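Residue numbers (my numbering), protein chains in the order written: chain H, 3 to 423; chain F, 3 to 423.
Bear in mind the hints are in silico, worked out from the structure with no lab data behind them. Remember, predicted model here, so these are calculated numbers, not experimental data. One thing to keep in mind: the hints can contain errors.
Intra- or inter-copy, both count: the list cannot distinguish identical chains.
Restricting the straight-line Cα-Cα distance to at most 20 Å, the calculated cross-link-like pairs of lysine to aspartate or glutamate (EDC-like) are [stated by the list, open to error]:
#	residue 1	residue 2
1	80	319
2	409	359
3	409	44
4	419	403
5	15	412
6	419	208
7	8	34
8	216	163
9	253	359
Number of protein chains: 2
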Amino acid sequence: MSIIIKGIRLNGKTSDIFIEGNRIKEIDDQLDVKADEVIPGEGKAAVPSFVNGHTHAAMTLLRGYADDMPLQEWLQTKIWPIEAHMTEEDIYWGAKLACLEMIKTGTTFFNDMYWHWRGTARAVEEMGIRAAISAVFIDLFDAQKAKEQIALNEQLYAERDAFGPRVTFTLGPHAIYTVSEAALRWCAEFARDKGVLVHFHLAETEEEIQECLKKHGVRPVKYLEQIGFLGPHLVACHCVWLDEEDIAILKAHEVRAVHNPTSNMKLTVGGVFPYPQLREGGIITALGTDGCASNNNLDMLETAKLASLLQKFHTGDPVIMPAHEALDLITLQGARAFGLESGVLKAGHWADIALVDLNNSQLTPHFHLASDLIYAANGSCIDTLICDGRILLRGGHVEGEEEIIAKAREKAFDLVKRSAG
Amino acid sequence: MSIIIKGIRLNGKTSDIFIEGNRIKEIDDQLDVKADEVIPGEGKAAVPSFVNGHTHAAMTLLRGYADDMPLQEWLQTKIWPIEAHMTEEDIYWGAKLACLEMIKTGTTFFNDMYWHWRGTARAVEEMGIRAAISAVFIDLFDAQKAKEQIALNEQLYAERDAFGPRVTFTLGPHAIYTVSEAALRWCAEFARDKGVLVHFHLAETEEEIQECLKKHGVRPVKYLEQIGFLGPHLVACHCVWLDEEDIAILKAHEVRAVHNPTSNMKLTVGGVFPYPQLREGGIITALGTDGCASNNNLDMLETAKLASLLQKFHTGDPVIMPAHEALDLITLQGARAFGLESGVLKAGHWADIALVDLNNSQLTPHFHLASDLIYAANGSCIDTLICDGRILLRGGHVEGEEEIIAKAREKAFDLVKRSAG
Numbered sequence: 003m004s005i006i007i008k009g010i011r012l013n014g015k016t017s018d019i020f021i022e023g024n025r026i027k028e029i030d031d032q033l034d035v036k037a038d039e040v041i042p043g044e045g046k047a048a049v050p051s052f053v054n055g056h057t058h059a060a061m062t063l064l065r066g067y068a069d070d071m072p073l074q075e076w077l078q079t080k081i082w083p084i085e086a087h088m089t090e091e092d093i094y095w096g097a098k099l100a101c102l103e104m105i106k107t108g109t110t111f112f113n114d115m116y117w118h119w120r121g122t123a124r125a126v127e128e129m130g131i132r133a134a135i136s137a138v139f140i141d142l143f144d145a146q147k148a149k150e151q152i153a154l155n156e157q158l159y160a161e162r163d164a165f166g167p168r169v170t171f172t173l174g175p176h177a178i179y180t181v182s183e184a185a186l187r188w189c190a191e192f193a194r195d196k197g198v199l200v201h202f203h204l205a206e207t208e209e210e211i212q213e214c215l216k217k218h219g220v221r222p223v224k225y226l227e228q229i230g231f232l233g234p235h236l237v238a239c240h241c242v243w244l245d246e247e248d249i250a251i252l253k254a255h256e257v258r259a260v261h262n263p264t265s266n267m268k269l270t271v272g273g274v275f276p277y278p279q280l281r282e283g284g285i286i287t288a289l290g291t292d293g294c295a296s297n298n299n300l301d302m303l304e305t306a307k308l309a310s311l312l313q314k315f316h317t318g319d320p321v322i323m324p325a326h327e328a329l330d331l332i333t334l335q336g337a338r339a340f341g342l343e344s345g346v347l348k349a350g351h352w353a354d355i356a357l358v359d360l361n362n363s364q365l366t367p368h369f370h371l372a373s374d375l376i377y378a379a380n381g382s383c384i385d386t387l388i389c390d391g392r393i394l395l396r397g398g399h400v401e402g403e404e405e406i407i408a409k410a411r412e413k414a415f416d417l418v419k420r421s422a423g
Numbered sequence: 003m004s005i006i007i008k009g010i011r012l013n014g015k016t017s018d019i020f021i022e023g024n025r026i027k028e029i030d031d032q033l034d035v036k037a038d039e040v041i042p043g044e045g046k047a048a049v050p051s052f053v054n055g056h057t058h059a060a061m062t063l064l065r066g067y068a069d070d071m072p073l074q075e076w077l078q079t080k081i082w083p084i085e086a087h088m089t090e091e092d093i094y095w096g097a098k099l100a101c102l103e104m105i106k107t108g109t110t111f112f113n114d115m116y117w118h119w120r121g122t123a124r125a126v127e128e129m130g131i132r133a134a135i136s137a138v139f140i141d142l143f144d145a146q147k148a149k150e151q152i153a154l155n156e157q158l159y160a161e162r163d164a165f166g167p168r169v170t171f172t173l174g175p176h177a178i179y180t181v182s183e184a185a186l187r188w189c190a191e192f193a194r195d196k197g198v199l200v201h202f203h204l205a206e207t208e209e210e211i212q213e214c215l216k217k218h219g220v221r222p223v224k225y226l227e228q229i230g231f232l233g234p235h236l237v238a239c240h241c242v243w244l245d246e247e248d249i250a251i252l253k254a255h256e257v258r259a260v261h262n263p264t265s266n267m268k269l270t271v272g273g274v275f276p277y278p279q280l281r282e283g284g285i286i287t288a289l290g291t292d293g294c295a296s297n298n299n300l301d302m303l304e305t306a307k308l309a310s311l312l313q314k315f316h317t318g319d320p321v322i323m324p325a326h327e328a329l330d331l332i333t334l335q336g337a338r339a340f341g342l343e344s345g346v347l348k349a350g351h352w353a354d355i356a357l358v359d360l361n362n363s364q365l366t367p368h369f370h371l372a373s374d375l376i377y378a379a380n381g382s383c384i385d386t387l388i389c390d391g392r393i394l395l396r397g398g399h400v401e402g403e404e405e406i407i408a409k410a411r412e413k414a415f416d417l418v419k420r421s422a423g
């Protein structure tokens, strides 16, 4: 299968992009090649498709179910009771809905942590995008639970190739307050041994810091360093409550960080991702949406806008995280964080490409693409999405989207009914 | 002209909405009436269309032209030199583009302050929405300039009916640091005398407060009270730097306040609109986008999300400005702020109605409409927009939108060229 995108805006010029198989074969002003499919690029711009660095995809099922509640009450009376009733089939439909929303808003890769790993993996494989998927690993400091979780992860790791190369297995130890030291040590060893990433919630709330100080006498980052948990395999999500020493330690261990501005603001975590310091430290940073119960969408352009606005507001510096840098965070930096052969459109890279409709009132007059995408537009400006050399979105439409919406809605309401009875 | 919307979701029920002329005639479970046009409501929800409490519509022409610069450099080297070259024709096309974007994102009323009043008025009249329009009144403490501005405003007031009832004339004294005391006094008197609103920037930055203290020995609100500027005619935009006494004074004079969260964050004004205190004080509050050079869009659903997130983040209270309240701010409260006969869908009100497409991945599963609209969706979920009993948007499309986009783009690039010499 080959595709040629003719006469598209790319980095300020008009170019042709030739795709062969799942990779970009050539980009030039004008290419004289034959392809199975021709996409006219007029009135469109090509950008690398987006990377969502942290989510719980199937939480789409709980979108809007219980907002505007205090955090603990929300978790204990709403989220956890429902999650306890989720089946793999629920997760599958929730993840399909998530993939649909991501495709429609330009995202081709997400980093996931949730229940029923196989349900999410099946959805991702079918929908045609990419994901690094982890099973939530929580043992609540119970050795028996830890044993079960380890067995499950070993089994999922053994099965990981069943879902094809777009699905990557990762480990998902939840956080220091839900996972025992022994299990965290096991995760780090397994990650080093097998070369898999570890997806983790780190320093999200002040409470986490205070509890860790009380329990271990040190802050979370130091504690994790002491038990050998840190390394380039670690994708640390949130990273809101970090001090200078924490940042130096994360840097020394080449940990990757994911900032989730919308979730942090909505859940009132009380601090802000120290972006200037992490950037200064050269720490690879991506942006994430978090799950749909705490955002409530999966739109990476909105997330990038929020990230930039929050940094400006918090630092008082109107030029911090300029538009091109915010766009970079959801493309190139995101790709670096997860080792993806994408993030910049060039020959040899995966054909993971979003085409932006420039005949959009929010992208008019159109002086600077990055400014327009980050500050003015949202994910609805994406017209076409290509992942792994396959066209997943055409004219803003995904084949079969109506069925996914109807089925996910049915599953969500059924889930609420089941969990109530 | 009559319209019936059949079987639409409204306040959690399925209803029919009958529109006759420019008003809602009747709403009931099932209406057996004949109408010139039938809109099938299946898969859609009806909400009052949105109110944008503060913008400079034609600044769409400068969208993305110069972002990520320090404020003063941005104004002096980019915005002001270009604005000096704007003609009424530029303004007309910029405002047409703004109206187009607002129609596509569910807004039927905006409160505007900009140059070349007639250009904006003409655009609003043609596009079919409503606006309260003021000419920017800046005299820079020069009596001759003040005289010219007063003459212009008297003339515009005399001509105000030329543009039909959807266009309202208001006064637009810019701010205390750009308008003389004599001119501010004239504005307040004229407003009281003629019953028109006054659109004003108030307490946007700390610098404004400090300068006022130095010049007048009191804070801006107190100064404005002393010169008789305050009253229910005043729409005070931004209101970021207010103390308790300021709020009490604004309340005593029944001033209306407009919060512009995105602009405040992007321009790093350094403070936050004191929403809990203003709400407690019973001060009528609306939300606004500000102009497209400092936002960079006119999407009121995005603005409402930002407002809610910023309040949560700033106060540390996760239940402040819940979704239904944020939605209220851009509908009912907005209508109250500007004396509109809309903001809630009921018989006798203007037929200003937005229909939301519920078959949208971001509105799935759809447990709570307000949560979905504010936290998950953006303006692109609006399928149909009715203003004054006329259908302006159908299936997300506005008749002639391609021409407006092309023409506004052409005008913007031409303006940049002209202003460069």
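Status of the hints after comparison with the structure:
no., hint, result
1, 80 - 319, "between (39 Å within a copy, 19 Å between copies)"
2, 409 - 359, "between (29 Å within a copy, 17 Å between copies)"
3, 409 - 44, "between (36 Å within a copy, 17 Å between copies)"
4, 419 - 403, "neither (24 Å within a copy, 44 Å between copies)"
5, 15 - 412, "between (46 Å within a copy, 19 Å between copies)"
6, 419 - 208, "neither (35 Å within a copy, 52 Å between copies)"
7, 8 - 34, "within (10 Å within a copy, 53 Å between copies)"
8, 216 - 163, "neither (42 Å within a copy, 71 Å between copies)"
9, 253 - 359, "neither (39 Å within a copy, 46 Å between copies)"
Going down the numbered hints, you'll see the structure goes against 4, 6, 8, 9, while the others check out.
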